[in-house]
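Visitor: Each chain, written out:
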Amino acid sequence: MNVVIIDYGAGNIKSLQFAFNRLGVEAKLTSNPNEIRAADKVVFPGVGQASSAMEMLKNSKLDLVIPTLKQPVLGICLGMQLLCNSTTEGDINGLGIFNTDVKEFSTAVKVPQMGWNTITNLKSELFNNIKEDAFMYSVHSYYASINAQTIATTQYDLDYASALKHNNFYGVQFHPEKSGEAGAQLLMNFLALN
Amino acid sequence: MLTKRIIPCLDIKNGRTVKGINFKHLRDAGNPVDLAQRYASMGADELVFLDISATLEERNTTLEMVLKVAERINIPFTVGGGISSVEDVDRLLKSGADKVSINSSAIKNPELINTLSHKFGKQCITVAIDAKEIDGEWIVHLAGGSIPTTLNVFDWAKEVESRGAGEILFTSMNNDGTKSGFANVALAKLSQSLNIPIIASGGAGTMQHFVEAFTIGKADAALAASVFHFNDIAIPELKEELQNNGIPMRL
Chain W
1 MNVVIIDYGA GNIKSLQFAF NRLGVEAKLT SNPNEIRAAD KVVFPGVGQA SSAMEMLKNS
61 KLDLVIPTLK QPVLGICLGM QLLCNSTTEG DINGLGIFNT DVKEFSTAVK VPQMGWNTIT
121 NLKSELFNNI KEDAFMYSVH SYYASINAQT IATTQYDLDY ASALKHNNFY GVQFHPEKSG
181 EAGAQLLMNF LALN
Chain L
1001 MLTKRIIPCL DIKNGRTVKG INFKHLRDAG NPVDLAQRYA SMGADELVFL DISATLEERN
1061 TTLEMVLKVA ERINIPFTVG GGISSVEDVD RLLKSGADKV SINSSAIKNP ELINTLSHKF
1121 GKQCITVAID AKEIDGEWIV HLAGGSIPTT LNVFDWAKEV ESRGAGEILF TSMNNDGTKS
1181 GFANVALAKL SQSLNIPIIA SGGAGTMQHF VEAFTIGKAD AALAASVFHF NDIAIPELKE
1241 ELQNNGIPMR L
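Residue numbers (the working numbering), protein chains in the order written: chain W, 1 to 194; chain L, 1001 to 1251.
Be aware that one or more of the hints could be misleading.
[What the hints assert, rightly or not] EDC-like mimics (lysine to aspartate or glutamate), calculated; alpha carbons at most 16 Å apart, straight line:
| hint | chain 1 | residue 1 | chain 2 | residue 2 |
| --- | --- | --- | --- | --- |
| 1 | W | Lys131 | W | Glu55 |
| 2 | L | Lys1119 | W | Glu55 |
| 3 | L | Lys1094 | W | Asp7 |
| 4 | L | Lys1094 | L | Glu1071 |
| 5 | L | Lys1132 | L | Asp1176 |
[To be verified] Computed Cβ-Cβ distance ranges for the label pairs, DEER-style:
| hint | chain 1 | residue 1 | chain 2 | residue 2 | range |
| --- | --- | --- | --- | --- | --- |
| 6 | W | Asn93 | L | Thr1115 | 23 to 29 Å |
| 7 | L | Ser1180 | W | Lys28 | 51 to 57 Å |
| 8 | W | Met56 | L | Lys1218 | 36 to 42 Å |
Since the hints were made in silico from the structure, they are not lab data. Just so you know, even glycine gets a beta-carbon here, dropped at the ideal spot from N, CA and C.
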């Protein structure tokens, strides 16, 4: 299987590549639009600051490529957030795949949320063989509001969308590559998508 | 619900674990990769590797170790020790570390926190603070607690937060190695005056000490070394005990 991880300079993607290796899949890091279009599966990662990540995406013109992809795409963490309509982090527009907005957690809780939290209301083949209230590892200061495309929710400060799906696009706020067995199962499920 | 984290800490020199480690059924307790895997399978929520290497050559060996850990381990890990530049952090993250922990370099050059946080994101920048209570005042110390600074811990922690740290690893030198419990009063004051997560370190001896670090100390995570390495406390039992005391755990 031809799996690519979009490499646009945003954050640590080595651990993601290793997570696929552990599943026996060689995931290629690339910023080449042709390679991305030709892949069977595309992973869109991202950590760090939203507006600078979006700037890097625009510099490489990948902001125009990603929304046109037809194969399964998995946005992770900031990758998921950039697939939403907008984010208050740097007040920018996202790629508009997911019809929801990203906002910052309130000061009623520690920010960033850092650690293992549960995912509930699981509604997609992405969660096959993953039980309700499975633990996933997250580290983030901003969250996506729940909408009709929400396929998992998590409680921190409030209930937010910890996973989203629209057609061939999937997004998860947590880091499956760092979430033990449940996270590995999710990556396997993603690889099994048609 | 977000759970509290239990974090074993491994001291690394020249790519090997250095503190005495007493695990049965572990072929090579000096091999950090085997040990990390073992802790991950026991339910550790994260791992911290503290590099105490002295030479550049030893540090490069540590970098190779980080790569091997990242290949095998599916939980997050932090690397600290001797990190003083953007390049240091870049190399560690590119080798697969999830977070880095800086200490002395942040005290010598506080602007480094801003630079790293801006470049890599605050989620991967932990600032470690070693402190000692002297005549009722908590003072930040350098070089593993041997050299006092003029900084008050609570002032410094506030500054660290405002400069963009994502988390603070607070070690009480008064408690470290004593097995008499964490510095819960100082921890609670830190945790309540800051809005970023606090990792408690120094003083773990019993399971009750961990309970108190969370209930009295209001910590978000607790770190320990020898009680885990010498198998005085087993992580699965510890996490169950904490859960029974009303502290949310990943079980």
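Visitor: Each hint: holds or not?
Guide: Evaluation of the provided hints:
no. : hint                            : verdict
1   : W:Lys131 x W:Glu55              : violated (37 Å)
2   : L:Lys1119 x W:Glu55             : holds (14 Å)
3   : L:Lys1094 x W:Asp7              : holds (13 Å)
4   : L:Lys1094 x L:Glu1071           : holds (12 Å)
5   : L:Lys1132 x L:Asp1176           : holds (10 Å)
6   : W:Asn93 x L:Thr1115: 23 to 29 Å : holds (28 Å)
7   : L:Ser1180 x W:Lys28: 51 to 57 Å : holds (52 Å)
8   : W:Met56 x L:Lys1218: 36 to 42 Å : holds (38 Å)
Hint compliance for this structure: hint 1 is the single one not met.
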